[in-house]
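J.: Each chain, written out:
Number of protein chains: 2
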Amino acid sequence: MKKMFLPLILAAVSQPVLADEGMWTLDNFPTAAVKEKYGVDISDGWLETVKSSVARMDSGCSASFVSASGLVLTNHHCALSCIAQNSSADSDLEADGFLAARPEDEVSCPTDRLSVLVATEEVTAVVNRATAEMADKEAGEMRRRTVKRLVQDCEDASGLKCESVSLYQGGQYWLYKYRRYDDIRLVFSPESDIAAFGGDPDNFNFPRWCLDMSILRVYENDKPAATPNYLRWRTEGLKPGEPMFVAGRPGRTQRLLTVSDLKFLRDTTIPHWLLRNVELRGRYIQYAQTSDEARRTVQASLQGVENGIKVQRKRLDALHNDALFAHKLAEENQLKAVVASNPKLAAGVGSAWDDIERANASYLEFRDDYYFIEVGAAFYGKLFNYARSLIRVVAERDKPNEDRLKPYTEAALPRTKQLTLADRPIYPELETLQLSFSLDKMREFLGPDSNFVREILNTKSPSTLAAELVSGTRLADSEVRAELWNADWATIQASDDPMIRLALALDERARALRRRFEDEVEAPSDRAYEKIANARFAIQGTTAYPDATFTLRISYGAHEGWNEKGTYVRPWTTVSELFPRVTGTDPFRLPASWRDAANSLDGNSKFNFVGTTDIIGGNSGSPAIDRDGKLVGLIFDGNIHAISGSYWFDSALNRTVAVHPEIMIESLREIYGADAVLEEMGIE
Amino acid sequence: MKKMFLPLILAAVSQPVLADEGMWTLDNFPTAAVKEKYGVDISDGWLETVKSSVARMDSGCSASFVSASGLVLTNHHCALSCIAQNSSADSDLEADGFLAARPEDEVSCPTDRLSVLVATEEVTAVVNRATAEMADKEAGEMRRRTVKRLVQDCEDASGLKCESVSLYQGGQYWLYKYRRYDDIRLVFSPESDIAAFGGDPDNFNFPRWCLDMSILRVYENDKPAATPNYLRWRTEGLKPGEPMFVAGRPGRTQRLLTVSDLKFLRDTTIPHWLLRNVELRGRYIQYAQTSDEARRTVQASLQGVENGIKVQRKRLDALHNDALFAHKLAEENQLKAVVASNPKLAAGVGSAWDDIERANASYLEFRDDYYFIEVGAAFYGKLFNYARSLIRVVAERDKPNEDRLKPYTEAALPRTKQLTLADRPIYPELETLQLSFSLDKMREFLGPDSNFVREILNTKSPSTLAAELVSGTRLADSEVRAELWNADWATIQASDDPMIRLALALDERARALRRRFEDEVEAPSDRAYEKIANARFAIQGTTAYPDATFTLRISYGAHEGWNEKGTYVRPWTTVSELFPRVTGTDPFRLPASWRDAANSLDGNSKFNFVGTTDIIGGNSGSPAIDRDGKLVGLIFDGNIHAISGSYWFDSALNRTVAVHPEIMIESLREIYGADAVLEEMGIE
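Taken in order, these protein sequences are the chains called A and B. Just so you know, we're using the numbering used here here: the first sequence kicks off at 3 and counts up by one. Just so you know, we're using the numbering used here here: the second sequence kicks off at 3 and counts up by one.
Hints are computed from structural coordinates only; laboratory data are not their basis.
What the simulated footprint calls covered on chain B by chain A, stretch by stretch (three residues with Cβ under 8 Å from a Cβ of chain A suffice, anywhere in the stretch; the number is not a length): (1) 200-206; (2) 279-291; (3) 313-323; (4) 446-454; (5) 458-472; (6) 582-593.
Which residues of chain A face chain B? A few of them, derived with a C-beta cut under 10 Å, are: (7) Asp202; (8) Pro203; (9) Arg283; (10) Arg315; (11) Leu318; (12) Asp442; (13) Val455; (14) Arg583.
Quick reminder that beta carbons are idealized off the backbone N, C-alpha and C, glycines included.
Make a model of the complete structure from these sequences and hints.
T.: Right under this line is the structure:
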């Protein structure tokens with residue numbers, strides 16, 4: 003079986019251009035290939051317009067400007083934390099939807115932030131010079147310091163917000179320079195019953211009927227921001243077969259990982275993640291049944307974990323595809339053979355592949371400790387995160403910038419502050435559930451006889467300790483957090499807040515584990531990937547695209563369906579097909595506004611559609627754009643085959659799923675009466 | 003790494019005798035090896051005594067007779083279903099323990115049954131003659147029919163209860179003839195806080211302090227049964243290093259599986275099982291927090307699922323041990339090479355290994371359907387099981403014996419009847435949780451668009467449907483079940499009980515899936531294993547032992563500790579070491595009786611101990627026996643390394659964990675005042 007499939011797969015991935023494969027950076031967009039396949043000329047102007055109209059939601063999504071006064075189009079699920087933060091038992095925006103009647107009714111999204119890319123600058127040579135000739139561990143340390151320095155210098159010099167980006171798994175280092183908006187407000191969101199119609203069962207499926215949209219607005223100085231570069235709607239959307247582009251921030255792909263790292267994902271990382279989160283899902287679902295308020299407050303957490311479970315399950319399936327694995331191995335062996343045949347390349351690469359395997363083996367020895375103690379898997383919930391951020395910001399902020407942990411460097415501090423101090427609701431029961439669960443997992447994985455576990459739990463059960471910590475801490479109060487944020491180290495150390503005391507008690511060990519991870523895993527692995535990337539560049543140049551890094555990328559393809567086990571899936575759905583799917587019970591239930599409007603909607607209006615563009619998580623909220631730079635859809639999902647896009651792109655099956663402009667506009671007009679919004683977006 | 007480990011592993015498993023490896027049948031016990039290693043002569047008389055004193059609990063455990071009047075020693079966790087069935091909110095035997103003051107106070111265990119092996123008879127030649135020259139599918143069918151006929155003939159001829167057993171993965175067929183006891187009563191059980199001290203965190207760990215014992219009694223004609231063959235106590239237990247034997251019913255090992263089947267376990271069966279049951283654990287734990295009654299009623303289910311999770315997680319770890327996998331592959335390749343070099347063997351084996359791989363590939367195509375619909379994973383809970391048994395017994399019982407599904411053949415019917423009609427408590431909330439959960443998983447795995455899912459759920463959510471079915475059915479009433487058991491097919495078909503209607507509605511499809519499984523998976527796989535086993539016999543004879551089959555086996559070894567990461571683990575614990583481990587909160591809390599007795603117990607009394615004997619799940623409740631056939635302990639667990647015993651035996655690490663006679667006797671005397679029981683067992 004393996005051998006039979008191999009040539010086909012090699013063929014499929016060795017022609018990325020024909021396969022619509024790739025999430026391309028703007029400086030390396032394959033215009034020639036697009037021209038050849040689709041007959042479309044992508045101009046620099048087109049690329050520039052896209053760059054300035056498309057934004058990143060720093061919480062992990064994409065978005066685009068759709069008016070000159072700061073209106074932003076993204077998914078409902080991308081605005082979910084904002085929607086939840088503005089909801090209460092009396093006013094449930096998630097269930098009931100929201101439309102600001104006037105600009106002054108737009109409500110604040112306290113933890114959201116938008117970044118628009120202004121410029122990029124390659125700094126590979128600087129980073130490589132700084133770390134040349136050093137041993138892995140020292141090189142790792144120096145690389146981190148150098149990058150922090152470059153970022154700070156960039157901010158000082160440009161007045162923009164800078165971030166470092168490593169492309170091609172360490173083959174290139176870049177500075178990305180952003181304009182940043184941190185006053186974001188909610189303008190419109192539909193009811194979750196229609197935004198996420200079909201819920202978890204339909205997630206990653208197509209055909210589909212989700213109005214997964216929301217509209218935000220960016221503000222500057224308490225006024226709607228001026229956003230002269232924005233996307234204009236093409237209200238009828240794409241014709242079948244027409245070329246389609248997606249611009250956004252795909253989060254992470256792992257197509258350049260070594261076989262050893264893929265194996266680590268398959269056998270360790272993903273199974274562990276799944277076992278933890280599937281149990282947490284069980285606890286959430288059961289908790290949701292205890293009261294209406296429990297159901298409401300756990301909803302966002304449950305939705306997040308269910309989405310993750312579906313993704314990780316399908317990734318695991320992909321990695322268990324023996325043909326894929328055999329292909330990856332063959333590809334790696336081919337690269338190794340080319341390297342081995344060239345003494346210069348061989349000298350440069352050295353033992354890189356073995357180094358990565360060794361790094362994984364060392365990691366296995368302390369992975370559980372690192373994961374539970376430093377990554378914080380033992381103390382899941384907002385309250386412990388607050389405590390840790392507070393003690394660390396105070397400990398770090400007086401150090402030289404380059405010595406600090408990354409979230410506390412000058413460039414990163416504003417976001418850390420926003421996430422730590424934003425006033426948002428804390429639900430003690432839910433926090434207790436999460437903390438109790440994670441303490442229980444800590445005991446399960448580190449063992450009841452671990453010194454750390456004994457010290458943390460002492461004679462208490464996980465649930466007793468969790469309840470005590472959550473009821474004892476005052477960190478749910480944003481004013482208390484603000485006070486501690488500004489406190490000095492002596493005040494922090496003298497705090498009697500039990501969550502602060504917990505974070506303090508374990509911080510030294512946590513930091514030691516981070517250091518061990520950086521020295522024994524990250525440093526040798528980063529160095530090895532850098533060597534492999536350099537060999538790849540020497541052989542292939544940059545005809546390939548880098549793995550996704552939550553930075554601006556453009557994908558291209560066409561509005562086309564696919565064959566699912568012999569049956570052609572038409573690439574769009576219509577309004578009239580929605581109603582037979584309604585059962586009346588969650589998650590196949592319509593909100594009242596839609597039931598009322600059933601007869602006034604045009605049954606032929608297109609609802610959701612698919613295209614062959616290469617996307618991944620983080621692309622949620624990306625605009626679909628046509629050859630003229632017009633907005634022709636709103637990406638919100640992939641089909642089930644798109645999940646394996648983490649590791650490879652299968653052009654025959656992998657599809658982007660988007661909301662069609664027709665249903666967005668029609669529902670804004672007919673159901674929500676959002677005429678002002680439509681007008682502002684230049685629609686009739 | 004792989005290559006470095008390989009020779010060591012090969013060495014370890016190619017010398018089973020020196021490694022104390024093996025769960026041996028009585029007809030093939032390696033007396034010479036035991037004599038050589040331990041200088042002990044195991045006589046036929048010793049084996050015979052063991053055979054007649056050791057029993058199988060048909061629910062999945064082992065046990066032994068310890069008095070002439072039917073007293074039976076087994077684990078607390080083996081009697082847990084009996085204990086739970088006799089508990090209520092007012093009288094919680096699990097929490098409070100139980101001691102029958104007089105024989106007439108002993109309480110019935112409605113779903114338990116004990117079987118004592120009387121004789122065995124090999125029938126390999128008969129089975130093989132019947133299936134010779136047939137294609138796989140017909141051979142599979144004929145094998146099932148032949149075995150059913152042989153079992154029935156055996157019962158008719160012997161007056162005993164007969165079961166068929168396939169040893170060496172189909173290399174041998176046997177009839178096992180039993181004396182059966184189906185009136186079992188509970189005499190004594192300690193409080194669960196001491197029986198399962200340390201709970202799930204300590205499960206499969208050592209050092210350990212569990213009084214995991216219970217005492218039952220078998221009755222005949224409402225009188226204590228005469229059991230003249232029973233084990234006498236050696237109250238001081240074994241000396242360190244002394245040889246030790248375990249006699250019991252190890253459930254299942256998979257040491258003879260092909261690499262293809264191990265891979266299927268690793269990549270499919272175990273991950274799927276884990277993901278399902280870990281989520282269920284989350285729901286149970288959260289449900290337990292809703293009330294004391296919820297906590298009490300879910301306890302046994304939670305304990306069962308947690309034990310399973312620990313086992314399956316460690317099995318998965320074992321299968322992810324690349325060195326083990328490489329070894330298994332090398333071993334299989336070696337066998338293949340020997341076969342290939344011998345034309346006669348090669349002709350006999352044919353394409354057996356490929357056949358198994360193909361069977362697995364076909365299975366993958368309908369595994370989810372089979373698992374959810376026929377195995378019943380979509381309808382988890384007692385009530386659906388009742389419904390299915392009732393409709394099937396009525397449908398099957400008028401067919402000729404050989405045409406029936408196995409649970410409805412004459413030989414199996416009494417047990418099916420006992421399990422279906424026994425009067426035991428049903429907890430509607432728990433049943434609703436289980437059914438709702440499993441309907442939800444059905445929708446997740448078969449997909450919301452599956453015709454089956456649409457038909458079952460219609461427009462209902464899993465929780466709505468589950469609540470309706472559980473509240474609507476009358477099958478919780480054992481009298482209603484008894485009526486339906488005796489009903490005719492027309493009455494069953496006319497039933498308006500919703501659970502019966504559900505079982506009826508899907509039965510045809512469920513049976514078709516079973517048939518497909520038997521024809522496309524089981525038949526070719528059984529035939530292939532038979533061919534491989536025959537090749538193995540031709541090469542090795544029966545110097546190896548068969549995989550465990552929940553039938554009588556004896557293991558041998560010594561009372562010895564092991565080295566855990568460089569530290570020697572002493573092979574026993576004492577009473578005085580228990581108290582510092584007590585935290586006062588579940589699961590590290592003592593019952594009042596033990597807190598009161600803290601000062602009157604001898605601190606030096608031995609509590610739990612370990613030995614090198616080869617055991618597996620199903621051995622729970624087995625006696626540890628010394629060279630003279632005396633009772634020297636009660637097996638209740640393995641250490642964490644014992645779990646990988648499913649696939650191989652690592653003599654350096656794998657240990658049996660047992661309750662020491664000293665703590666059993668001392669607690670019966672000092673804490674529970676069970677003087678009559680002690681006297682009956684011949685102690686002082």
